[in-house]
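S.K.: Sequence:
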Amino acid sequence: MYIEDIIISFAFFSFIGWVYESFGCSMVIEEKFMNKGFLISPVCPIYGIGAIVCYSAFSSIDNIFVLFITSAIMSSIIEYITGYLLEKIFHGRWWDYSEYPFQIHGRICLYGAFLFGVCNVLICKFVEPLLLDCLSYIHVQQKEVIAIGITVVLLFDIIVTTIGQKSRLKNVSAAYGYIVDVTNSGMQRMSFIMMRFVPASVTNKKAKIKNRARCINEYLKEKEGTFLSYLW
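Quick note on our numbering: the sequence shown kicks off at 1 and runs consecutively.
Just so you know, these hints were derived from the structure itself, not from any lab.
If you're wondering where the values come from, they're calculated on a predicted model, not measured in any experiment.
Capping the alpha-carbon separation at 27 Å, the derived lysine-lysine pairs in DSS-like fashion look like this: (1) K208 - K223; (2) K210 - K32; (3) K210 - K221; (4) K223 - K206; (5) K143 - K125; (6) K206 - K221; (7) K210 - K223; (8) K208 - K32; (9) K206 - K32; (10) K166 - K88; (11) K208 - K221; (12) K221 - K205; (13) K205 - K32.
Could you build all of it, start to finish, from the sequences and the hints given here?
M.R.: As structure tokens, this is what we get:
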């Protein structure tokens with residue numbers, strides 16, 4: 001892959017990760033849309049990094065099971081390191097898996113590792129090859145312009161977010177907080193409007209699925225306790 005392909009692929013998977021976190025996970029867990037990304041722009045860089053690293057390292061693996069295991073481990077390592085750095089630098093947590101079974105310090109868990117493994121198999125064998133094939137039809141100079149634009153926007157966002165999070169100037173922190181609040185308010189209003197059109201049968205089914213998931217979670221936590229008792 002050329003550097004332009006890497007940057008564009010990184011942005012693509014970062015955006016997909018943001019959509020998954022801010023719309024999918026937020027609606028299931030908190031029943032409303034929320035910007036779950038660390039940055040202001042609609043990207044979760046951890047997903048882009050994980051996808052590019054796993055594709056570069058493991059795409060040549062033909063055995064699907066081996067690919068699943070190795071990419072799940074690699075993605076979990078990236079997630080753990082990212083969570084640790086965010087906590088140490090910004091003194092906050094953007095996710096916490098403490099209530100889930102088979103988790104480590106609330107930064108990674110079995111569910112996440114499984115999901116990352118499945119997604120990386122799809123990325124390595126289907127999504128990224130298709131994306132690269134589509135990018136091959138774009139002229140190199142055009143891709144360079146796109147890649148430069150993405151880089152500039154992300155660097156600007158990182159600078160603004162870092163200053164907003166770390167600055168002791170009240171005006172700067174207030175401006176950053178205002179942008180975040182406006183973004184979340186808009187997304188929440190969107191979710192409330194959409195929920196008005198959801199049939200009651202779907203809402204009831206969703207409640208049953210959540211209850212079933214809660215039972216599975218409790219069962220696995222019991223198994224986790226038994227497993228740890230054997231180890232210690």
